[in-house]
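Trainee: If you're matching them up, the sequences are chains A and B in order. Quick note on the working numbering: the first sequence kicks off at 2 and runs consecutively. Quick note on the working numbering: the second sequence kicks off at 2 and runs consecutively.
Keep in mind the hints are simulated off the structure, nothing from the lab. This structure is a prediction, so every number in the text was calculated from the model and none was measured. Possibly wrong hints are sitting among the right ones.
Footprint (simulated), chain B over chain A, 3 or more residues, beta carbon under 8 Å [as the list claims (entries may be wrong)]:
id : stretch
1  : 67-74
2  : 144-151
3  : 168-180
4  : 250-264
5  : 295-302
The calculated PhoX-like cross-link candidates involving lysine-lysine, where the alpha carbons are at most 20 Å apart (straight line), are [claimed, not checked]:
id : chain 1 : residue 1 : chain 2 : residue 2
6  : A       : Lys186    : A       : Lys158
7  : B       : Lys70     : B       : Lys153
8  : A       : Lys137    : B       : Lys137
9  : B       : Lys248    : A       : Lys22
10 : A       : Lys22     : A       : Lys124
11 : B       : Lys47     : A       : Lys47
12 : A       : Lys162    : A       : Lys327
13 : B       : Lys260    : B       : Lys203
14 : B       : Lys302    : A       : Lys22
15 : B       : Lys203    : A       : Lys248
16 : B       : Lys47     : A       : Lys158
17 : A       : Lys260    : A       : Lys211
18 : A       : Lys260    : A       : Lys302
19 : A       : Lys186    : A       : Lys124
20 : B       : Lys124    : B       : Lys158
Glycine residues also receive a C-beta, built at the ideal position from the N, C-alpha and C atoms.
There are 2 protein chains.
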Amino acid sequence: MSERTEVSSLGEFGLIDHLTKNVEIHNASSILGVGDDAAVIDHFGKQTVITNDLLIEGVHFDLMYTPLKHLGYKTVAVNISDICAMNATPTQIILGIGFSNRFSVEALDEFYEGVYTACDTYKVDLIGGDTSSSQKGFIISCTAIGEVAPDKFVTRKGAQKSELLCVTGDLGAAYLGLLLLEREKKIYLENPQIQPDLENEKYTVGRILKPEARVDLIDFFAQNNVTPTSMIDVSDGLSSEILHLCKQSNVGCVLYEEKIPIGEETRAAAFKFNLDPTACALSGGEDYELLFTLKQDDYDKIKDNTDISVIGYLTDEEAGANIITKGGNKYAITAQGWNAFK
Amino acid sequence: MSERTEVSSLGEFGLIDHLTKNVEIHNASSILGVGDDAAVIDHFGKQTVITNDLLIEGVHFDLMYTPLKHLGYKTVAVNISDICAMNATPTQIILGIGFSNRFSVEALDEFYEGVYTACDTYKVDLIGGDTSSSQKGFIISCTAIGEVAPDKFVTRKGAQKSELLCVTGDLGAAYLGLLLLEREKKIYLENPQIQPDLENEKYTVGRILKPEARVDLIDFFAQNNVTPTSMIDVSDGLSSEILHLCKQSNVGCVLYEEKIPIGEETRAAAFKFNLDPTACALSGGEDYELLFTLKQDDYDKIKDNTDISVIGYLTDEEAGANIITKGGNKYAITAQGWNAFK
Chain A
2 MSERTEVSSL GEFGLIDHLT KNVEIHNASS ILGVGDDAAV IDHFGKQTVI TNDLLIEGVH
62 FDLMYTPLKH LGYKTVAVNI SDICAMNATP TQIILGIGFS NRFSVEALDE FYEGVYTACD
122 TYKVDLIGGD TSSSQKGFII SCTAIGEVAP DKFVTRKGAQ KSELLCVTGD LGAAYLGLLL
182 LEREKKIYLE NPQIQPDLEN EKYTVGRILK PEARVDLIDF FAQNNVTPTS MIDVSDGLSS
242 EILHLCKQSN VGCVLYEEKI PIGEETRAAA FKFNLDPTAC ALSGGEDYEL LFTLKQDDYD
302 KIKDNTDISV IGYLTDEEAG ANIITKGGNK YAITAQGWNA FK
Chain B
2 MSERTEVSSL GEFGLIDHLT KNVEIHNASS ILGVGDDAAV IDHFGKQTVI TNDLLIEGVH
62 FDLMYTPLKH LGYKTVAVNI SDICAMNATP TQIILGIGFS NRFSVEALDE FYEGVYTACD
122 TYKVDLIGGD TSSSQKGFII SCTAIGEVAP DKFVTRKGAQ KSELLCVTGD LGAAYLGLLL
182 LEREKKIYLE NPQIQPDLEN EKYTVGRILK PEARVDLIDF FAQNNVTPTS MIDVSDGLSS
242 EILHLCKQSN VGCVLYEEKI PIGEETRAAA FKFNLDPTAC ALSGGEDYEL LFTLKQDDYD
302 KIKDNTDISV IGYLTDEEAG ANIITKGGNK YAITAQGWNA FK
């Protein structure tokens, strides 16, 4: 970066004006946006779906290998993913950031460039925010807002015995992308002369640095009159999410290892690390795909969508949550997902 | 504190269950609360007002003299104050916290005790949240949600020439409470044997540690059919807020020093520090009173409310924002409020 403008030269209100001067509004529901004590939305008879995530440098992201523009995009995408997991349409975000004095106005501009790109992609409006200094590092608070027809939201609680267990896209790639970035970071720290070698790893690295929320699937459900009976987004790994759905819906399940969708690049990357690709899909996390359950009668509506895989079915709660391996063995599914406190 | 339970012994989901197990719901609009990907609200035809604040240890609060219970209460109160500043009724909050391993489950319980007390006081529902570790200190992200009849919200933009400039309660006390706490901290750090001497300073110290949002005034406005033409809450000091209203409404103003409401305890505390009480009210901040403008025709509706002071009137923009001192001199109002980046 050639220029460095200190944030203190703008002041708090000047900075907010600077960062939001090009904000665009896509939704009629955004009644009042940035610049007052609070924002106002009107979903015109629909219900409002709302979620908040706190993202902290050194815990949720590493700026050594995360470009600020990608971080801005990902912040919006992962929050919108939670809105999608309710079968709702995302409409607005509110963004608060805290940062130490190592961040210049140009660095914040890069972050916001990613935020605005995501706002365009997902047709959501930035309607409010907060900026603050921090004692250490970069801190992001993102609130995402969406809308859904009254009582048409989908929770984690509605799954019933005999229904289908389905997942969108493919799994495990984000975790392998993270391992690759961590490996290159270690090599770089040991010898800064060596350039990173990530040329053939675009898919996995892209999945961790710039994930997408599956708004397209929510649109597909609406167009094809499909209503999942329960849904959750895959942020902590497939195992952990399956256990959430089973516990909250009071059901068990059978998951078939051979049905878990895993991409070719992901398999290749897993083998390089001597890892089982299935284990990466089960425990990896950060894929931001949608895990959902479906009545069997609805199977015909989804069977031609190559972005949806049926990976198992639901059973009585007493049978527990189990996986049938490719070899035909049956094991209880255990959560080895990410635990922020360990 | 006699016990110390490590957060890691509960895990992320166990901690969330623990902190939210006694959550109470006060509003029919809270359709779905804690425990899913997102929360759902239905304001039944009303508009939704929403705001978010990021509060960072060492920047916005000092845990050396801020009890965690008070911090929890204040977090909710200051966010609700922003909802009140839109002339809206607060209904829900979403709370995200990040904390280092120096915080035990018992410490978090204390914080949440304050949060729940505030939820009871203001009849708002905690409907979602996020917990995370942090590399350093305590980080709070609070989203407050409220409702207002369609297009009845009050912004900073509606003030017009000749209208009255009004403020609720009294000003300057929170800043003096902060000075007192900072002085006692310094004394304590120099000599830990000396006990803090804050016995006669309950009012000022209470104003900084446990501020209240003026929901009562929003109720008063509704009951007496009063609609302010513009409104803002006093978080950065009276000067700064007056300049916001004037700039966004394209008006000037005359403020009378003698009309600024300042309590006796506040004056006494100011004199101890050799400070001008008026300067404390103008630049102090954190009072969380409401500054608003009113049509002259509405004066009769508010004149008997001893909690509202008329402190000046609005003029043409060209005349600027001015204060008339007790001695009869006229000065331009300048913002010396808190700047988080200096």
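Trainee: Hint by hint, note whether the structure agrees.
Mentor: Hint-by-hint comparison with the structure:
1. A stretch counts as covered by a chain when three or more of its residues have a beta carbon under 8 Å from one of that chain; for the stretch 67-74 of chain A and chain B the count is 0, and the coverage is violated.
2. Look at the stretch 144-151 of chain A against chain B: 6 of its residues bring a Cβ nearer than 8 Å to a Cβ of that chain, three or more, so the hint holds.
3. Under the rule that three or more residues need a Cβ within less than 8 Å of chain B, the assignment of the stretch 168-180 of chain A is violated, with 0 such residues.
4. Residues of the stretch 250-264 of chain A with a Cβ under 8 Å from some Cβ of chain B number 0, which does not satisfy the need for three, so the listed coverage is violated.
5. Note: the stretch 295-302 of chain A has 0 residues with beta-carbon separation from chain B under 8 Å; the three-residue rule is not met and the coverage is violated.
6. Between Lys186 of chain A and Lys158 of chain A the alpha-carbon distance is near 41 Å, which puts this suggested pair outside the 20 Å criterion.
7. For a cut-off of 20 Å, the pair hint linking Lys70 of chain B to Lys153 of chain B is broken: about 34 Å separates their Cα positions.
8. In summary, the hint linking Lys137 of chain A to Lys137 of chain B is supported, as the alpha carbons are separated by about 7 Å, within the 20 Å threshold.
9. Between the alpha carbons of Lys248 of chain B and Lys22 of chain A the distance comes to roughly 17 Å, so the proposed pair stays at or under 20 Å and holds.
10. Note on Lys22 of chain A and Lys124 of chain A: the hinted pairing holds, with a Cα-Cα distance of about 18 Å set against a maximum of 20 Å.
11. Simply put, Lys47 of chain B and Lys47 of chain A have alpha-carbon atoms about 11 Å apart, close enough for the 20 Å limit, and the pair holds.
12. At most 20 Å may separate the alpha-carbon atoms for a hinted pair to count; Lys162 of chain A and Lys327 of chain A exceed this at roughly 23 Å.
13. Taking the CA atoms of Lys260 of chain B and Lys203 of chain B, the gap is near 24 Å; set against the 20 Å cutoff, the hint is violated.
14. Of the supplied pair hints, the one linking Lys302 of chain B and Lys22 of chain A is violated, its CA atoms being roughly 39 Å apart against a limit of 20 Å.
15. For the suggested pair Lys203 of chain B and Lys248 of chain A, the alpha carbons sit about 49 Å apart, so the restraint of at most 20 Å is broken.
16. A hinted pair counts as satisfied when its Cα atoms are at most 20 Å apart, and Lys47 of chain B with Lys158 of chain A does not qualify at roughly 28 Å.
17. For the hint pairing Lys260 of chain A with Lys211 of chain A, the CA-to-CA distance comes to about 25 Å; that exceeds 20 Å, so the pair is violated.
18. For a cut-off of 20 Å, the pair hint linking Lys260 of chain A to Lys302 of chain A stands: about 19 Å separates their Cα positions.
19. The hinted pair formed by Lys186 of chain A and Lys124 of chain A fails the criterion: a straight-line CA distance of about 34 Å is larger than 20 Å.
20. This hinted pair does not check out: Lys124 of chain B and Lys158 of chain B have alpha carbons roughly 29 Å apart, beyond 20 Å.
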